[in-house]
Amino acid sequence: MMADSMFVSILSAAVSSGTPVLYAALGELVCERSGVLNLGVEGMMLVGAVSGFLTAVRTGSLAAGVLAALIAGGLMGLIHALMTITLKVNQVVSGLALTLFGTGLSGYLGKSMIGVPLPVTFSQAPIPGLSSIPLIGTILFKHDLLVYLTYVVVPVLWFYLYRTRPGLHLRSVGESPETADALGVNVFAIRYASVTAGGMLAGLGGAYLSLAYAPSWLENMTAGRGWIAVALVIFAVWDPFRAMLGAYLFGGIDALGFRIQVLGARIPSFFLKMMPYVFTIVVLIIVTATAARRSSRAPEALGLPYERE
Amino acid sequence: MGTVDYAVEMRDITKRFPGVIASNHVNLAVRRGSIHALLGENGAGKSTLMNILTGLLRPDSGEICVRGERVALRSPASAIALGIGMVHQHFRLVQTFTVAENITLGMSRPRFALDMAPIEREVAKLSSEYGLAVNPHAKIWQLSVGEQQRVEIIKMLYRGVDVLIMDEPTAVLTPQEVRELFETLRRMTADGKTIIFITHKLDEVMEISDRVTVLRAGKDVFSCDTRETNARELASKMVGREIGQTPERPPVAIGDPVLEVRELTAIGDRGTMVLAGIDLDVRAGEIHGIAGVAGNGQRELAEVITGLRRASAGSVNICGADMTNHTPRSIIEAGVSHIPEDRLGVGLAPNLNITYNAIMKRYRCNEMCRGPIVDATRARTWTDGLVERFNVKTPNLRTAVRLLSGGNSQRLLLARETSMEHKLVVAVHPTRGLDIGATEAVHTILLRERESGVGTLLISEDLEELIALCDRISVIYEGRIMGTVGRDELNLDEIGMMMAGISAAEKGDGHLEAGA
Amino acid sequence: MKLVLEKRETVSSFYRFVSPLLAIIMALVLGAAFLAASGFSPLKVYYYMWWGAFSDWYGISETLVTSIPIMLCALGVALAAKMLLWNVGAEGQFHMGAFAAAWVALSMPDAPAWQVMPLMVLAGMAAGAIWALLPAVPRAYLGVNEIITTLLLNYVAIYWVEYLVHGPWRDPVNLNFPLSAPFSSAARLPSLFGTRIHLGLVFALVAAGLIWFALGRTKWGYEVTVIGENPRAARYAGMNIERNIVLTMCLAGALAGLGGMAEVSAIAGRMTRQLSPGYGYSAIIVAWLAKVNPWAVVLVSVLFGGLLVGGYSAQVIGVSAASVNMLQGLMLFCVLATEALGRYRVRAVHAAVRGSGEGASIDG
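Chains as they are written, first to last, in my numbering: chain A, 1 to 309; chain B, 1001 to 1516; chain C, 2001 to 2364.
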């Protein structure tokens, strides 16, 4: 019974710990599906986290905080879009610059917020009925609203990508922009929209950290989650449901480390903190090594700027 | 005007690019319901003219009328809205999408939720109407080149196009597929649709077109109904001078084999078997041609021989030594030169200067360096010699290769490949995309190689080229050699049959199984 | 009328020279906007920064001291970038280099300098190289994205160092702080000219010279250049790409590791968790700004050293250290933007005509 509840609590923690990474990974997924690689996820998350936190502290409203995070993340995405789509700057470099800039900007904006308590936080809101299902209820349905939102976002995003015309056009722009352009699909508009939407989702992921998970502001509080999100997109072969699975897997490792520490095991906490990173690297290597045999691969035009002939 | 029913009229079209006039006051009038051939060599301005007609390019001057009304074409989409569509030589298809998804791509209806079933029904209807058999559920990458072309045609029909431009549509097809395509085109014109057929093949013009316009160096030099002309006249109009003499082929003593390929199999990029047991050899002083429709394993054959792709079974012997799956470097050192299909993508580093490119296979030789250091002076002197001898036109040796013309970069590549110590040349489509002068230069170099006792494996889609140069021609089909014919027993029909997959043994009764 | 970007075939050499300056000016202007928005006088802040970094001999020497680790890391990043490899892991390689050097220093407290110093250099370089080898091998042989793996390894390296200074290496004399015991004086890298400038500067300059020579003149440099420009052509010409990837990454790691060794030995004198305020990340910007030219790396590193030192003195008037990071990010964006503008020319066109652009071939 003891082991059982321990197991459930780890899985439940995996979901909440995986949620910020999931938002960021979904954002990156949309962005990459349109053919743009954005390595600035870490920076966008941080700026989202700090804007959300600042706004929530100032206004006392969580909704305003979330909105601010979405806008801030979207603006960060827009910078990347401007650099890579219009100016055709190398996407890797622009993404790295975005991360550096976002790290600096968030530190700058959040300097006065360190140690400030949040007047309101996203608190646990068990879903009546569903949360009383044994095991699953505790694991999935005793969380906050932002976690529940992912249960909607993931299937909606899947449907959008694979079962709608805008989704078809989005994917075509990432696979073969020349073809899409020749058929009247607006490559530039779709890429701009996707990169911006990706930034908004990353910003939301950051806000989840500062408004619900922590809830507080710390400099560099994302601690590499943005990079893990980028790796997860590869693990997920650009599929929202697999991204969800990957995010919870990451969350599980994260939660496991924390539990082991709480239980007073002899392993120094620093090694447990390393685990998610090492785990992500190992998973990335395995996935890449076996990807060649899979039919679905990275979007064909990923990382390439599009120029009309 | 007015008496004849024109689908499209282009009047006095001029389009300049930096340094060239691609279209020089060109006129083109295409009658409704006809097949109009646009004939011309590479660089004559056919594609520019058609890119203008499909809204990809805008003319500097001139006007375009569609069905008698003057129009402004802003984009491919606006051209399609006017009923003008083009099937490009390089298909514009999303490889990972299904046929139906490709066909509905870019349409505005249905606006949001996509139910593929009605679209697939419509596709099936169009494909049976015009004899364009294709499975709407299949992913593009699973289809043959011929099937992909059908998808492109259906895509245009689905959009209600009634002027269809086909850019060199037969280059990638087997003779049987060509016949089927022509059948489809005839059905379409019978239906009142208009076809503009871009080609440089005279026999096709004579067979399929109602009227022909010849372009040369950006100008329309000749236009008439096809039945009032003949291939000879068209050829002289197209080239504008006597066609170059067939190069001299002095007799050469054939020596020992420099390349022996046995039972060679290999896997392609898509994980399918692209070479299915190849046997062939090339002897010293011989040019052995490989004919075949594109995509039957030619590129992969060259890659396996030169060590760029792994052989899954079989052997490659070079000058008697087993070199199967050796590294590219040891194969180079065994004396194999390679003129790859993709000149700028594989053969050269376009952003680097001429010297850098010229020493690419030589920088490790002792004569080029002192210890680990490359001797820049010697590298330059040597490159200077090459540029001089092979007549590469360039401002200086510091010029980036991407700034050279196609002919000059190919000369540089050939210069490098034939000036190293070698016994075998593997040349893949060495004249593709080159103008006549550069093509002749390449032919001269290849024949000079033959005279110096080098063996050459010449992979080409251009039968005329193969016939002019080769001592033997083998035909490749779906990764197999269908047969080999010597220079003295050349028979075009037989080669054509083998290109379609009918081996010499079964010819005569094999027509029906063609392409199966 | 509207404005379009039109591609140029070649970038004019004048622009190539001016664009970094233009980028810095743009960044300063944008940074001024941020500073002004948060209630600082930008001119005053910039003056303090300039004054702190370059006004007197002490400022200049501090700038040079700060530029040494950036220089060594950036040389490594630039070398890898020459082969289109993104070494985002200089920060981790730096920490591992520092760790290995400290390990030597702490385990040989009584050894003379001529014994301990070469060992520290070797250990630092080897540790950096190994830390780079970890992502290099999967990148070379399996094609695993090195950007993500090198970056994630930074976190692992930093946690490793934190573990040491909080745990087994904690100075028994001073248990309140996460610091190791101080090194013996034999394990301290000598300083130059009576300032804090240390032998690391010589290491960096020698490394820059060697890289410059190797890239321009040697067979290996030739291979690196060709692989960086067109890997397919390099393979076709018989070059061993995989081996070059591993070798180049290891050299890059060794340089960053040497940076870590110099920093821990000359500046800190003991292992701490605060060796680097992000030198490894600044190095990426430096390498890109310097367009992968080793001498330019040296120059730009000094500029960045100045930016950091200036940032410290600006903190006197209340500007946070984070704003310096922000300025760095801004600067990188400005560099990217000006560079892109160099590749294009802005042209006014009549709305009806779309620029045909470059690349439109005549036929096919």
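Keep in mind that the hints were calculated from the coordinates and are not lab data. A virtual CB, placed ideally from N, CA and C, is assigned to each residue, including glycine. Each hint should be verified, as a subset may be incorrect.
[What the hints assert, rightly or not] Here are the computed lysine-lysine pairs in the DSSO-like style, where the Cα-Cα straight-line distance is at most 30 Å: (1) K111/A x K2291/C; (2) K1139/B x K1125/B; (3) K1125/B x K1237/B; (4) K88/A x K273/A; (5) K1219/B x K1201/B; (6) K1237/B x K1201/B; (7) K2291/C x K88/A; (8) K1393/B x K2044/C; (9) K1423/B x K2219/C; (10) K2219/C x K2291/C; (11) K1219/B x K1393/B; (12) K142/A x K273/A.
[Said to hold, decoys possible] Per the computed footprint, the stretches of chain A lying under chain B, defined by three or more beta-carbons under 8 Å from a beta-carbon of chain B, are: (13) 216 to 225; (14) 255 to 261.
These are the hints, each one checked on the structure:
1. K111/A x K2291/C: Violated, at about 34 Å.
2. K1139/B x K1125/B: Within the cut-off at roughly 19 Å; holds.
3. K1125/B x K1237/B: Violated: K1125/B and K1237/B sit about 42 Å apart, past 30 Å.
4. K88/A x K273/A: violated (38 Å)
5. K1219/B x K1201/B: holds (19 Å)
6. K1237/B x K1201/B: Between K1237/B and K1201/B the Cα gap is close to 13 Å, so the pair holds against 30 Å.
7. K2291/C x K88/A: At roughly 17 Å apart (the allowed maximum being 30 Å), K88/A and K2291/C satisfy the hint.
8. K1393/B x K2044/C: violated (58 Å)
9. K1423/B x K2219/C: Holds, because 25 Å separates the two Cα atoms, which is no more than 30 Å.
10. K2219/C x K2291/C: holds (21 Å)
11. K1219/B x K1393/B: holds (26 Å)
12. K142/A x K273/A: holds (25 Å)
13. 216 to 225: Three-residue rule not met by the segment 216 to 225 of chain A, so violated; n is 0.
14. 255 to 261: violated (count 0)
In the structure shown, a violation is registered for the earlier hints numbered 1, 3, 4, 8, 13, 14, in ascending order.
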